[in-house]
Amino acid sequence: GENVEQHPSTLSVQEGDSAVIKCTYSDSASNYFPWYKQELGKGPQLIIDIRSNVGEKKDQRIAVTLNKTAKHFSLHITETQPEDSAVYFCAARENNAGNMLTFGGGTRLMVKP
Amino acid sequence: GAVVSQHPSRVICKSGTSVKIECRSLDFQATTMFWYRQFPKKSLMLMATSNEGSKATYEQGVEKDKFLINHASLTLSTLTVTSAHPEDSSFYICSARDSRGGYEQFFGPGTRLTVL
Numbered sequence: 001g002e003n004v005e006q007h008p009s010t011l012s013v014q015e016g017d018s019a020v021i022k023c024t025y026s027d028s029a030s031n032y033f034p035w036y037k038q039e040l041g042k043g044p045q046l047i048i049d050i051r052s053n054v055g056e057k058k059d060q061r062i063a064v065t066l067n068k069t070a071k072h073f074s075l076h077i078t079e080t081q082p083e084d085s086a087v088y089f090c091a092a093r094e095n096n097a098g099n100m101l102t103f104g105g106g107t108r109l110m111v112k113p
Numbered sequence: 001g002a003v004v005s006q007h008p009s010r011v012i013c014k015s016g017t018s019v020k021i022e023c024r025s026l027d028f029q030a031t032t033m034f035w036y037r038q039f040p041k042k043s044l045m046l047m048a049t050s051n052e053g054s055k056a057t058y059e060q061g062v063e064k065d066k067f068l069i070n071h072a073s074l075t076l077s078t079l080t081v082t083s084a085h086p087e088d089s090s091f092y093i094c095s096a097r098d099s100r101g102g103y104e105q106f107f108g109p110g111t112r113l114t115v116l
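Residue numbers (this note's numbering), protein chains in the order written: chain A, 1 to 113; chain B, 1 to 116.
Hints were generated in silico from the structure; no laboratory data involved.
Where is the CB? At the ideal position from N, CA and C, for every residue including glycine.
Hints are supplied without guarantee of correctness; some may be wrong.
[What the hints assert, rightly or not] With a Cα cut of at most 30 Å, we get these calculated BS3-like pairs of lysine-lysine:
| # | chain 1 | residue 1 | chain 2 | residue 2 |
| --- | --- | --- | --- | --- |
| 1 | B | 42 | A | 37 |
| 2 | A | 58 | B | 55 |
| 3 | B | 41 | A | 42 |
| 4 | B | 20 | A | 71 |
| 5 | B | 42 | A | 42 |
| 6 | B | 64 | A | 112 |
| 7 | B | 20 | B | 64 |
| 8 | B | 41 | A | 22 |
| 9 | A | 42 | B | 14 |
| 10 | B | 41 | A | 112 |
| 11 | A | 22 | B | 20 |
| 12 | A | 42 | B | 64 |
| 13 | B | 42 | A | 71 |
| 14 | B | 20 | A | 42 |
| 15 | B | 20 | A | 112 |
| 16 | B | 66 | B | 42 |
| 17 | B | 41 | A | 58 |
| 18 | A | 68 | B | 42 |
| 19 | B | 41 | B | 20 |
| 20 | A | 58 | B | 14 |
| 21 | A | 22 | A | 57 |
| 22 | A | 37 | B | 41 |
| 23 | B | 41 | A | 57 |
| 24 | A | 57 | B | 42 |
| 25 | A | 42 | B | 55 |
[Claimed, not checked] If you want the ones that stay clear, here's a sample from chain A, every Cβ over 12 Å from chain B, calculated:
| # | residue |
| --- | --- |
| 26 | 11 |
| 27 | 17 |
| 28 | 24 |
| 29 | 26 |
| 30 | 42 |
| 31 | 49 |
| 32 | 56 |
| 33 | 72 |
| 34 | 76 |
| 35 | 78 |
| 36 | 82 |
| 37 | 84 |
| 38 | 85 |
| 39 | 87 |
| 40 | 93 |
Here chain A stands alone, though its shape is the one from the complex (with noise of 0.2 Å):
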């Protein structure tokens, strides 16, 4: 089955500055990548997601690229903001309705005011 590795756990930047998180998964099947931004006590939220027939998506300050070829892709956070404070999950799956995703780790994201 998938598994799916995220790195770093923890992550703390001073305002402004970018972040960036990396995720690998083992399937080479998978097709559809998303990415969740939980707060502390809620439910987590779809913040962007990449398929696999492109290599890079963008929306306003979040980013996402994607290496097939190495199976990896990563979350790109510029001009952090202490509200972009949480946890981020990847998530990988094979693109059709009978598969689940396969989430990492998880990472803390903290912006220092």
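Using the hints provided, position chain B relative to the given structure of chain A.
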């Protein structure tokens, strides 16, 4: 974006009682819903996958008689924790997959269960 609601958000119960948690997709139909359990500072652990109108598929190690799942409609799934014990205390999160295409998966806000 798609909204998934969960009720209750927080519940405290006595040991031996049963607790029902509801999960609703508010603005889309979800033929598939998922139930997760999350321990403090840990990732999400999939408990079961439920498909509308059929029996849920449980992950290895999850007792189906203890965690009853019903997915009676395209917008509602329920998880009942039967004969709850303190070790069942946890954060339970449901998720619904939008079946219209793309198969994005959206999460509810979670339910904090405390069993005394």
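Structure-based check of all given hints:
no. : hint           : in the structure
1   : B:42 <-> A:37  : holds, 14 Å
2   : A:58 <-> B:55  : violated, 39 Å
3   : B:41 <-> A:42  : holds, 13 Å
4   : B:20 <-> A:71  : violated, 40 Å
5   : B:42 <-> A:42  : holds, 14 Å
6   : B:64 <-> A:112 : violated, 44 Å
7   : B:20 <-> B:64  : holds, 14 Å
8   : B:41 <-> A:22  : holds, 18 Å
9   : A:42 <-> B:14  : holds, 24 Å
10  : B:41 <-> A:112 : holds, 20 Å
11  : A:22 <-> B:20  : violated, 37 Å
12  : A:42 <-> B:64  : holds, 26 Å
13  : B:42 <-> A:71  : holds, 23 Å
14  : B:20 <-> A:42  : holds, 19 Å
15  : B:20 <-> A:112 : violated, 40 Å
16  : B:66 <-> B:42  : holds, 22 Å
17  : B:41 <-> A:58  : holds, 28 Å
18  : A:68 <-> B:42  : holds, 27 Å
19  : B:41 <-> B:20  : holds, 24 Å
20  : A:58 <-> B:14  : violated, 48 Å
21  : A:22 <-> A:57  : holds, 15 Å
22  : A:37 <-> B:41  : holds, 14 Å
23  : B:41 <-> A:57  : holds, 28 Å
24  : A:57 <-> B:42  : holds, 27 Å
25  : A:42 <-> B:55  : holds, 28 Å
26  : 11             : holds, 15 Å
27  : 17             : holds, 24 Å
28  : 24             : holds, 15 Å
29  : 26             : holds, 16 Å
30  : 42             : violated, 6 Å
31  : 49             : violated, 7 Å
32  : 56             : holds, 18 Å
33  : 72             : holds, 18 Å
34  : 76             : holds, 21 Å
35  : 78             : holds, 22 Å
36  : 82             : holds, 20 Å
37  : 84             : holds, 18 Å
38  : 85             : holds, 15 Å
39  : 87             : violated, 8 Å
40  : 93             : violated, 8 Å
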